[in-house]
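Build out the structure end to end from the sequences listed, making use of the hints.
So you can see what is in the structure, the chains are spelled out below.
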Amino acid sequence: MPTGRTWHDRHLGPLFVLPATLMLAAVLIFPAAMTLKLSLTHEGGGRWSLALVHYLKAFRDPVLAQTFRNTFAFVALSLAGHLLLGLALALALNQALPGQTFFRLIALVPWTVPDVIAGIIFRWVFNPIHGCLNPLLQSVIPGFPANFSWLSSPTLAFPSLIFANIWRGYPLVMVMLLAGLMAIPRELYEAAAVDGAGRVKRFLHVTLPGLSTIILIALALDMVWEFRRFALVLTMTGGGPGTLTEVLSTLVYKSYFQFFTFEYASAIAILMSVVLFILSLPYIVLVGRQQ
Amino acid sequence: MKSPGAGSARQERRLEVVVSYTLLGLATIYALFPVAWMLSTSLKTEAEAFSLPIRWIPERPTLGAYVEMWTMKPFGIYFYNSTVVSGLTALLSTALGALAGYGFSRFKFRFRTTLMGFFLATQMISGVLVIGPYFQILAAVELYNTLTGLIIAYVTICLPFAAWMSKGYFDSIPKELDEAGLVDGASRLQIFLRIIMPIALPGTVATLLFAFLLAWQDLLWALCLISIDEKRTVTLGVAFAVGEFIVKWPMLTAASLIGSLPTLILYLALQRFYVEGLARGAVKG
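Chains A and B are the protein sequences, given in the same order. Yeah, the first sequence ends on 291 if you go by our numbering, and it's all consecutive. Yeah, the second sequence ends on 576 if you go by our numbering, and it's all consecutive.
Calculated directly from the structure, the hints in this document are not laboratory data. Just so you know, not all the hints are guaranteed correct.
Residues from chain B shown here face chain A by an in silico Cβ test under 8 angstroms; the list is partial [claimed, not checked]:
1) S311
2) L323
3) F398
4) L411
5) V419
6) L420
7) G423
8) V446
9) K539
10) W540
11) S551
12) T554
13) Y565
What follows is a list of derived Cβ distance ranges for each label pair [what the hints assert, rightly or not]:
14) B:E350 x A:L137: 20 to 28 angstroms
15) A:Y55 x B:V538: 41 to 49 angstroms
16) A:V200 x B:F341: 46 to 54 angstroms
17) B:L317 x A:R69: 28 to 36 angstroms
18) B:V358 x A:K57: 23 to 31 angstroms
19) A:E187 x B:E350: 56 to 64 angstroms
20) B:Q302 x A:G242: 31 to 39 angstroms
21) A:L279 x B:E535: 37 to 45 angstroms
22) A:L156 x B:A300: 39 to 47 angstroms
For each residue, glycine too, the CB sits at the ideal point set by N, CA and C.
Here it is, written out as structure tokens:
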């Protein structure tokens, strides 16, 4: 390549990247810095200081501690459900069976439903008197209590929320894993079959290694999304009963726009982002190494 | 002569088929029963929705709830707002993201790796981290309660993903095509627009769809940045309807179904591109 063009390209490359970079800086980084500053400011304005009052308060706040635990459990259980269901369905859809396009279309339906609406749907499904879940369970399990109220039960509200969130989120993991499965060369399976490897062995030695990267990527992306999940929780349980299903994004939202404790809300938002960033470091390193 | 291996392989295959179909059948029920329950409720009268024992299929299906919902709230306006916001978000973020993706894929320049890491890291920023200050900024520049303010926010959220996705896709297109273009005397921008973008169509459609869905389905930003009825998006309108129609489940379910319809149709129509775009852009990249 002539040196002249390389010189030219060195200036052209940044130009291509510039508009997106400027927008990210203006709309995400600048406000994020303002949030950081606000979190260091005393209530009711004034100058910022490194006294960290809001952070010290946060570390002693039992509601925040519970919200962190809820969020971790929410993310972990949703991810486990998405992976299990997504992998099973991706494997089934990859069999080239008659009707697979139909099944794939159906399996994708939950992902097209906005979060808010998924929350409403499940509130109606779980409705103790007029919902469809209780009658359904009664017809399958004799003696199941009538008018069972899932979403106001301290023990069952959280699992119900997870149930809804697994429904909402498995299709994306499924699609990514399906794409990964389709990318595994058929020859690998044939070679393994010639070597006398059975179904289980082929799965363990061909499918899983071939999928490992995409599983990691799918889980990492899913983790980021579930960690920030907002509208589903807000419309389905509103964080209740009490604060038993509160997650970080609903707590920050409420602290800002319902309790008007801006400085404290910013501190929680910063803590939340730091934790999320630490959790996604392995992913960032993994992707960086691939480049 | 029949080898014993062939027989057991056939049996294995049959087992596999049975297991697959069972799984797919169960998944179909899981995926559809909430939607079916929604549809059933939306076709009932209020009296029937609350009659006990519950009826799975409405006795006398009626579109009354749809008509009532549409006339009680300005859903036409909500749809217009959502369509404008999501459409422009999809176009702008895909265009800017593709530019950046092309820059990352084809050029070597200083801070390239750092910048790519920066794009990746911004993907982890959650809306609630920036929503407070962004709200203040919009109020200061008089873009609060405007669709423009909302579009700027959505475009930015979509950008990191769009850039990374198109970079992955462009990486799978041979660089020789660019060089052939350069030899023919085309400029880099011409090559990008006329040669690379057409080949990258599946990836582009996947990115468009992703951005459209993100904007259409969002609640957080719309909730914080829009406070007047005539600028509400569909999801915001539905969210407010929850408060106002709380016991009118046929209307609420009708609104919910209508609100999911555009993304459902778009997604089903374009899902081939989506799978292919993801496979080449996000998966291998």
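Hints versus structure:
Against a cut-off of 8 angstroms between C-beta atoms, the interface hint on S311 of chain B holds, since the closest Cβ of chain A lies about 4 angstroms away. The closest approach between the C-beta of L323 of chain B and any C-beta of chain A is roughly 7 angstroms, which is under the 8 angstroms cut-off, so the hint is satisfied. At its closest, the beta carbon of F398 of chain B sits 3 angstroms from a beta carbon of chain A; the interface hint therefore holds under the 8 angstroms criterion. The beta carbon of L411 of chain B comes within 6 angstroms of a beta carbon in chain A, closer than 8 angstroms, and the hint placing it at the interface holds.
Checking V419 of chain B against chain A by beta carbon gives a least distance of about 4 angstroms; that is within 8 angstroms, so the hint holds. For L420 of chain B, the interface hint holds, since its Cβ comes within 8 angstroms of a Cβ in chain A; the closest pair sits about 5 angstroms apart. The interface hint given for G423 of chain B holds, since its Cβ lies 5 angstroms from the closest Cβ of chain A, which is under the 8 angstroms cut-off. Among the interface hints, the one on V446 of chain B holds; its C-beta lies about 7 angstroms from the nearest C-beta in chain A, closer than the 8 angstroms criterion.
A distance limit of 8 angstroms between C-beta atoms decides the matter here; for K539 of chain B the minimum to chain A is near 12 angstroms, and the interface restraint is violated. A distance limit of 8 angstroms between C-beta atoms decides the matter here; for W540 of chain B the minimum to chain A is near 6 angstroms, and the interface restraint holds. At about 5 angstroms, the closest approach between the beta carbon of S551 of chain B and any beta carbon in chain A falls short of 8 angstroms, and the interface hint on this residue holds. With its C-beta approaching chain A no nearer than about 5 angstroms, T554 of chain B sits inside the 8 angstroms limit, and its interface hint holds.
A least Cβ separation of about 7 angstroms between Y565 of chain B and chain A falls short of the 8 angstroms threshold, and the interface hint therefore holds. In this structure, E350 of chain B and L137 of chain A meet the distance hint of 20 to 28 angstroms, their C-beta atoms being roughly 24 angstroms apart. Hint check: Y55 of chain A to V538 of chain B, Cβ distance near 43 angstroms, so the stated range 41 to 49 angstroms holds. Our hint of 46 to 54 angstroms for V200 of chain A and F341 of chain B holds, since their Cβ atoms are close to 52 angstroms apart.
In this structure, L317 of chain B and R69 of chain A meet the distance hint of 28 to 36 angstroms, their C-beta atoms being roughly 32 angstroms apart. For V358 of chain B paired with K57 of chain A, a C-beta distance near 52 angstroms fails the hint of 23 to 31 angstroms. Look at E187 of chain A against E350 of chain B: about 58 angstroms separates their beta carbons, and that is inside 56 to 64 angstroms. Range check, Q302 of chain B to G242 of chain A: Cβ separation about 54 angstroms, and the 31 to 39 angstroms hint is violated.
At about 38 angstroms, the CB distance of L279 of chain A to E535 of chain B agrees with the hint of 37 to 45 angstroms. Between L156 of chain A and A300 of chain B the C-beta distance comes to about 46 angstroms, which sits within the given range of 39 to 47 angstroms.
Against the hints set out earlier in the document, violations occur for numbers 9, 18 and 20.
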